[in-house]
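Chains A and B are the protein sequences, given in the same order.
FYI, in the numbering used here the residues of the first sequence are 9 to 858.
FYI, in the numbering used here the residues of the second sequence are 693 to 949.
Hints were generated in silico from the structure; no laboratory data involved.
Incorrect hints may have been included.
Listed below are the simulated SDA-like cross-link pairs for lysine to any residue, each with C-alpha atoms no more than 20 Å apart in a straight line [stated by the list, open to error]: (1) K225/A / R859/B; (2) K792/B / S815/B; (3) K89/A / S864/B; (4) K187/A / R160/A; (5) K89/A / S815/B; (6) K888/B / R919/B; (7) K792/B / R160/A.
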Amino acid sequence: VNLLRLISWPYARRHVLRTILTASGIVLGVSVFGGMHTANRTVLGAFAQTIDRIAGKTELQVTAGDTGFGEDVLDVVQSAKTVAVAVPVIEAVVASNIAGQGNLRVLAVDMTGDRRLREYDFDSADDLVLEDALIFLAQPDSVILTKEFAERNGLSIGSRLRLGTAVGQTAFTVRGLMKSSGLATAFGGNLAVMDVYAAQKMFGRGRMFDRVDLALKEGATITAGQQELRTLLGPAFEVQPPSMRGQQFEAMLAAYSIMLAASSAFALFIGVFIIYNSFTIAVAERRSEIGILRALGATRAQIGRIFLAEGAAIGIVGSATGLAIGVLLSRSVATSIATLFGDVYGVSQQAGELATDPVVLSLAFAAGIVTSVVAAAIPARAAARVDPVMALQKGRQQLLSAGESRVRVMLAAGLVIVAIASPVFGRTRPVFYAGYVSGIVAVLLLAPLLSLWVARAIRPVLAWMRPVEGALAADSLIQAPRRTSATVTALMLCLAVVVAFSGMARSTYDSIAQWVDTALNPDLFVTSSATPEVQAPRFPSTMASEIAAIPGVERVQMFRNGRIAYGDGQVMVVALEMESVANTSPQEPVAGNRDDMYREAAAGRGVIVSDSLAQLRGLSPGTPVEIPAPYGLIRLPVVGVVVDYSDGQGAILMDRSVFTRYWRDDTVSDFRVYAQTGTSVETLRQRIVERFANERQVFVLTNEELRSYILNVADQWFNLTWVQIAIAVVVAVLGIVNTLTVSITDRRRELGVLRAVGGLRRQILGTVWLEGVAIAGIGLVLGNIVGGINLYYLLDIVRQDVAGLRLAYTYPLVTAATLVPVMLGAAFSAAIWPAELAVRGSLVEALEYE
Amino acid sequence: MSRGAVIAALSLVLLAGFESAGSAADEARRIVDEVQRRGKSMSLRYNGLLQSFDSGGKTSEKRWTFERTGSHGQSKSVIRFTAPPEVRGVALLVVNHPDKASDQWMWTPALERDRRIALQDRSTRFFGTDFSFEDLEERDAEQYTYALKPDQVIDGVSCWTIESRPRESKSSQYTKSIVWVRKDNYGVARIDSYIKDEVVRRLNYQSFENIQGVWTARELRMTDLRRGGITRLVLENVQYNAPLQESDFTLQALRRQ
Numbered sequence: 009v010n011l012l013r014l015i016s017w018p019y020a021r022r023h024v025l026r027t028i029l030t031a032s033g034i035v036l037g038v039s040v041f042g043g044m045h046t047a048n049r050t051v052l053g054a055f056a057q058t059i060d061r062i063a064g065k066t067e068l069q070v071t072a073g074d075t076g077f078g079e080d081v082l083d084v085v086q087s088a089k090t091v092a093v094a095v096p097v098i099e100a101v102v103a104s105n106i107a108g109q110g111n112l113r114v115l116a117v118d119m120t121g122d123r124r125l126r127e128y129d130f131d132s133a134d135d136l137v138l139e140d141a142l143i144f145l146a147q148p149d150s151v152i153l154t155k156e157f158a159e160r161n162g163l164s165i166g167s168r169l170r171l172g173t174a175v176g177q178t179a180f181t182v183r184g185l186m187k188s189s190g191l192a193t194a195f196g197g198n199l200a201v202m203d204v205y206a207a208q209k210m211f212g213r214g215r216m217f218d219r220v221d222l223a224l225k226e227g228a229t230i231t232a233g234q235q236e237l238r239t240l241l242g243p244a245f246e247v248q249p250p251s252m253r254g255q256q257f258e259a260m261l262a263a264y265s266i267m268l269a270a271s272s273a274f275a276l277f278i279g280v281f282i283i284y285n286s287f288t289i290a291v292a293e294r295r296s297e298i299g300i301l302r303a304l305g306a307t308r309a310q311i312g313r314i315f316l317a318e319g320a321a322i323g324i325v326g327s328a329t330g331l332a333i334g335v336l337l338s339r340s341v342a343t344s345i346a347t348l349f350g351d352v353y354g355v356s357q358q359a360g361e362l363a364t365d366p367v368v369l370s371l372a373f374a375a376g377i378v379t380s381v382v383a384a385a386i387p388a389r390a391a392a393r394v395d396p397v398m399a400l401q402k403g404r405q406q407l408l409s410a411g412e413s414r415v416r417v418m419l420a421a422g423l424v425i426v427a428i429a430s431p432v433f434g435r436t437r438p439v440f441y442a443g444y445v446s447g448i449v450a451v452l453l454l455a456p457l458l459s460l461w462v463a464r465a466i467r468p469v470l471a472w473m474r475p476v477e478g479a480l481a482a483d484s485l486i487q488a489p490r491r492t493s494a495t496v497t498a499l500m501l502c503l504a505v506v507v508a509f510s511g512m513a514r515s516t517y518d519s520i521a522q523w524v525d526t527a528l529n530p531d532l533f534v535t536s537s538a539t540p541e542v543q544a545p546r547f548p549s550t551m552a553s554e555i556a557a558i559p560g561v562e563r564v565q566m567f568r569n570g571r572i573a574y575g576d577g578q579v580m581v582v583a584l585e586m587e588s589v590a591n592t593s594p595q596e597p598v599a600g601n602r603d604d605m606y607r608e609a610a611a612g613r614g615v616i617v618s619d620s621l622a623q624l625r626g627l628s629p630g631t632p633v634e635i636p637a638p639y640g641l642i643r644l645p646v647v648g649v650v651v652d653y654s655d656g657q658g659a660i661l662m663d664r665s666v667f668t669r670y671w672r673d674d675t676v677s678d679f680r681v682y683a684q685t686g687t688s689v690e691t692l693r694q695r696i697v698e699r700f701a702n703e704r705q706v707f708v709l710t711n712e713e714l715r716s717y718i719l720n721v722a723d724q725w726f727n728l729t730w731v732q733i734a735i736a737v738v739v740a741v742l743g744i745v746n747t748l749t750v751s752i753t754d755r756r757r758e759l760g761v762l763r764a765v766g767g768l769r770r771q772i773l774g775t776v777w778l779e780g781v782a783i784a785g786i787g788l789v790l791g792n793i794v795g796g797i798n799l800y801y802l803l804d805i806v807r808q809d810v811a812g813l814r815l816a817y818t819y820p821l822v823t824a825a826t827l828v829p830v831m832l833g834a835a836f837s838a839a840i841w842p843a844e845l846a847v848r849g850s851l852v853e854a855l856e857y858e
Numbered sequence: 693m694s695r696g697a698v699i700a701a702l703s704l705v706l707l708a709g710f711e712s713a714g715s716a717a718d719e720a721r722r723i724v725d726e727v728q729r730r731g732k733s734m735s736l737r738y739n740g741l742l743q744s745f746d747s748g749g750k751t752s753e754k755r756w757t758f759e760r761t762g763s764h765g766q767s768k769s770v771i772r773f774t775a776p777p778e779v780r781g782v783a784l785l786v787v788n789h790p791d792k793a794s795d796q797w798m799w800t801p802a803l804e805r806d807r808r809i810a811l812q813d814r815s816t817r818f819f820g821t822d823f824s825f826e827d828l829e830e831r832d833a834e835q836y837t838y839a840l841k842p843d844q845v846i847d848g849v850s851c852w853t854i855e856s857r858p859r860e861s862k863s864s865q866y867t868k869s870i871v872w873v874r875k876d877n878y879g880v881a882r883i884d885s886y887i888k889d890e891v892v893r894r895l896n897y898q899s900f901e902n903i904q905g906v907w908t909a910r911e912l913r914m915t916d917l918r919r920g921g922i923t924r925l926v927l928e929n930v931q932y933n934a935p936l937q938e939s940d941f942t943l944q945a946l947r948r949q
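Excised from the complex, chain B in its bound form (with noise of 0.2 Å):
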């Protein structure tokens, strides 16, 4: 499994900034730190593969592929829906920054135009999936405080248990978050999502591959505990460092597809 998986699937990162407040806040930064390192790449390229389960049965799938060039907190990727036909061509493009909320936008192709998606309201669900915008965001690790919580073991595998908490500067919908990181090979397991002390978002990142020397999480799975709806990203052909051009990553480069 891969950091750099998570990254590159949606972008979730989760991990950040620390205060030097003990050894236990010191060790959670420290992994936290590790997690990026071994994730990080130039680029990421992928066939996604989204499916959504709502509870009372209803499935819904897409297919995209997905672009992202530059590094943690300043990429820039862009999302291309292949399928169903009635979606086909639409695209998103995602400016992240490290100090702010990404910029978005829209291309439809049916109108031939191009849409700002404003994300004041980050807790939107996305397009339908079980995923918020906020949960595609990257986001600064500084505006987060990290406490390292007593090992458990997930999928059959010891895991790190950090609490990641935003600083007040920091908004989100979220009061806190726990991660589980695999002391295999510094891959995320899962990540809880809190609503002060509710989970509400549950996401297990499942079927590990060493991609290019990237530990790689195939699958996604974010499970809206509220709802009881589940999404499944499968990720294929992932390709690191791909040579991706700078100028196909904005909104002219939108409107042409």
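Just chain A, same shape as in the assembly (with noise of 0.2 Å):
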């Protein structure tokens, strides 16, 4: 403590800033780490806590993925041992039509029975009030907002609401409400209660429900009740308790949650080369200081220890303050991830209360302390070594010496072999794994050899730039490697994981783009809602027809789609009318014969299965699929394998008849309009939307419109890269700033004779400029090799391991190209203050330095 306080303490305060800089390392690294972990809780946690107020008391749920089933399911139910009470349920999203009050979501249940599930304070004439169960009843316009909803719109019993439902504009009375708690603050109280046989209707479900929850009988075990359900239902029903909702949502997240754990780790890792490159630079600056303490009898152990302890001290500084702002940034990302959910997976869900998690924040609070001693420990090290005769003499610590270099090129050559050995001779999963992880270490091994051949390669170019600044630029790059090699690493890391998250995103983008415009080529596509929420109301197949029946109309097309149990997941089953997509938008196969495999699937006698869910389920053509669906197994085989994006999960596309025979349900989720050649789309939109101005609620999209929605959406999944640019400009910042601080430290001599030899000013501050752009240039060259290789190993990560999504390589030349101005404007941003500093100094000092 005595020497913190004696040697390190006045150190930090002549370095406020460089102190500064050095904790905002692991400020960084802790934020995103805890911010992104809290955020990303809240979320889940508010979904968590939905679902719990939705299902009150029931025990379990009976679902068939989100295609729901008919009513007779629900007698099936209702007649077993163990079940006490089951009642069916219908969700559904519509809009709210007040200006600022988005959706709502309405929960439709059988009032007869479900107060036994859900409690909704009937009792209590404050709590709520029902204005009559039997009017509620047998008016299907009955509905029961939840205090808060209705008072922020100023509206009581009795009051009229126009929602959005299958048959249009409807005028909905307001007979109850519910008291701002439990069951009422799901959605943020933007939830409506109606009938269920009333939804039906309003929501075009026909004669189905969504699901059936359900309350065992006094004594009667979930396990048993789930056993004794499964076997009368069969295997196209889940029967799960409420809370595995909650899971299977955190499930379908899964390929969100590894790309947030990535990014947060890589941010505290990126803080390790922060901390490392500050302690490297602090030992250089201080050598002097050590020989003095060295020959003032300080042992090597008690001056790794003082490096150690700052290190410490540093990473408690840096955790607490990363924390904090962790948490207060975790608010706004909470909502924007929120936001991400209902338009990626179509389940609107509002962030809540913060759900700050003590363990979480603790493990973040203790890997900022453990990084940054971790990172110190080098430097450490290396201070403890410092021989006080060696210490005079400047430039001699910094040069790699030829033996510490020769182990490591031999150490990184032997990983590169195994790194490009693995896909070659390995085809298992662990040595492609052991093939990446080598070829990541084997690149950090040699950045500080790759950071000095770029250097040297770089030097004829900035000499010819300015021959003075820009080659003392470069020898100051190539006499001092280890001054510069962690900057570079943490730099070129950085944009090696830009580079790759991008290149991903290029090569998705591109890849739905080509799958929309084959697949997808339908001149407008009718919807019944804005968005394409999953338990949007739907319509019925005689709207087909009328549809026909409009002039203009060259086609009509039913479009039905739904998730459903698949193994261990969910998949989503497509219904198309194949014939007729057969002619429209036939799709070349990734596997099979593209004539066979429609007529085959048209005839009902196999089903095409999208790429990714064949790769991840190892299907081909003739293997055979079960399906299990509400009324029957479907045995069939595949008959062909294309390219889907219709969800995450994979899909199961299937003939139109083959769906309804077997969910014995022939509504349309959406119907897709092949014009009249002659025939101006517009002009047919505005046909159909007047059509059914009076009679149903329609959305007309055109086929550019849905496209941009569908890219928006995939261009949304990949804003993290924005955040990743933005850890590596300040990284390049931070890194810049130290390293050119110290440069010049170094260096004061020799810029002291320059400028007594009539060194200029601009020249001066010429060659500290361009060694600062240079150590990014030198970042930018090796970011976007090694973010090349990366993203060759992400593809073949979210082909395999993933999302069996096959995205074909594409460079992200675009960011590539954004990332050479933005990456040089900052590393010239960071060395202004440096340069300063440089021309500032007093010149005597300078002279007099060693």
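Can you join these two chains into the complex? Each is in its own frame, and there are hints to help.
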């Protein structure tokens, strides 16, 4: 402690900005780690809480994915010996049509039995006023709102509220108000309760329910209830406690969570380099001080401990600050994650109270300190080894010894061989990942050498640009590779991740765009919701002929989709009129014969699967698949594999006749309309809107609008790329400021001599600026190379282990080009202050140095 | 008054089986049998006025027509709401079974469809009134045990007091019921329903009138003692053994109306 007080504290006070910059490495890592996890947890927690509130006392829920099932299933569930109460439920999302209030989540239940499962507080006139239970059931326009929503919008019992339904804008009558607690707090109060049978009509559900909620008889265990119901209902039905829906949701978000975890771990990893860099610099800067201490009798261990203690102190301060910033940021991050969930998965969820997890925050705090200490360990070791005599000889410590260099090169060469050999000789995943890790370690080992090589390579360029300043800047980098290697490594890693993620975004975007062009080529899409919500109202199939009768319509196709349980996960079932699709938008299969594929599928003799599903489940043409449906097990062979991005977890495409037979559901999610030649698409759109104006709620999207929507959603997925670019910029600024500051301190004598012999102010400034820009340039070169290799590995991981998506390798040239001015600009900005230091210092002091 | 009127009104039959476990029990069972015998009719029709008053002073009123065919335990009944306008046309078909809970369907004309009312949770209130769905059911008398308690006077009339408890096999929200049967005409005067040791509902029978030889309570008053709500049912135009068609007590008939 004394050494810290006497030696470290004065140093920190003299270099306040440097100390802050050093700590900011940890602040950055811990804030991203803590903030991202808190935000993620907040949204998932809010989702789980909503499920909990909606579920009430429900012990088990019976579902068949989100396709729903017939009313007869309710009778089967109610007949089970273990079941005490079973009630049908439909959930739907409707536009509230109130400015600023967004959508209302409708929970439609059978009030005659539902009160056993959910607490509506009917008994207290103050808490809830249900005008009349019988009127509520008798009138399909009845709706119960939350008191909060009603008060927000000046509604009371008897008020009328217009909601968008399958039968057009419909006026509902408020017949009850729920107090703002429990159930009523789900979805931030944007909840409406209505009768389930009225909901069937309003939301085009036919005679189907979305799920059955149930409570078990006293003494019956959850397991016994599940077993009995599974036996009674068959494999198409999931019988799970409500909490499992939360877990399914989390599983659905697996790919997103992986990305999030990678980003936050990456931020912390970058922190290591910033700390390492700062401490390496500090050791270099304080060589004479260390030498004096050693000369006065300080042991090597004591010197090492000083630096480790400094690392720990900075880690504590940085982690605490990082946690505070992270928690502050998590609110807005949670909101954007919630928006992403809504857009990508169709699950509207508002981020509720911040869900800070003491364990995660403690982990982040501890990780920050450990990271800091670990990053300081090598410089501390170097400090302990400082020879007092050598400490007086400037430059010697900076040179990379030939022996050390040889060891690094040999080790790295071995790892490179492993990295190259792994995909060639080993097809197993462990071997693949071993190769990936070997490649990363090899790059880290080679980073100092690579930066030295690149510095030598760009010396002529710099010298050509500015003969004096350029040569001096390049020589500074070449003579002291250790000074710059940590910054270059951090930059390289940042940019490698940016390039790889951006490449993935580009590849995904291109692939989806290509799929949209071939598979989604109708002129118009008739939907019931402005956004493709799974729980949007559905249309009756009879509407197809009504659309077909509109002048200018060439062809109408019915489209129906829904997620179902499949194996240990879920897949999207897509029901199409295969024969018609074969004529309008046939896709070239990845596997199988196109004509045979459509013929067999149209005849109901096979199904087409998405390439991603085929990859993840090992399916190929001829493979028999078993699809559990509510009214039978579908056993059909795969007749083709196509690229399809309907769902992240894969899709099964079947003829509509198969779907209607096995689901007993002929409702339609949306209609795809082809215009006759010579008919204006805009005119046709107007005709369709007018045809159903007072009858149904229809949204008619043009091909371009749908395409934009889909591609926008794809874009949102990769907004994290921008976060990573921002991190890279911060890293560049921090690293370059640090590196240049010490470079100037190191070269005070040299710079002093330059000024003494007539070196101009602008030449000194130019030298430092160029050195900063050169560091960024080296980082850019190496980052792009490593990023390109990283992209290859990531695409393989996405294909093989995450989503099964076949994404073409597309180098993100635009991002790479954007990074050049961004990083060079950041480097130049970072160099301004150190450059000023270089020219403002006292010439006398500079010449007296050492 | 008549036991038949009680059954007719809301099928509230809490009378039944008996164990030959002593003279008091035998006597209780004899009384129950006599109540049932005197109230027996092949059919019933009446117009009902249902008024609910909650503890906050809020009042709601509905009118219906009631028709029943068949005798106790195997009867079928249809309730059709006639007022207020919002519920006009809503109909309820109740098919009673001697050995299990009744089946019930509801027809809602605004939706043009029927729905089955699953009475798994029979403690639920009957459409906002103070009756529960369980209170609507005809029950198998054999699933209860009875005990005769000391006589009491209700509304100035001397009554037998009978304690009725569901057997273990019988699922009921109530732990027990106390039934007071008038000695002058074998009409039920009051039923107190208990959950554990607390009286939760009290049903009073009033305004007795002899209609076609059956003593009929023209007014029933159910009090939910926990909520403080009261529901009053008034029977008008009561007619026993009217010629009713069996085919009018089906789902198809419900949909036709």
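Evaluated hints:
As the CA atoms of K225/A and R859/B are separated by approximately 18 Å, the hinted pair is consistent with the 20 Å bound. The suggested pairing of K792/B with S815/B holds, with an alpha-carbon distance near 16 Å, which does not exceed 20 Å. At roughly 17 Å between alpha-carbon atoms, K89/A and S864/B fall within 20 Å of each other, so this suggested pair holds. With a C-alpha separation of about 13 Å, the suggested pair K187/A and R160/A falls inside the 20 Å cut-off, and the hint holds.
Among the hinted pairs, K89/A with S815/B is consistent with the structure: their alpha-carbon atoms are about 19 Å apart, no more than 20 Å. Distance restraint check for K888/B and R919/B: the Cα-Cα separation of roughly 17 Å lies within the 20 Å cut-off, and the hinted pair is therefore satisfied. Among the hinted pairs, K792/B with R160/A is inconsistent with the structure: their alpha-carbon atoms are about 48 Å apart, more than 20 Å.
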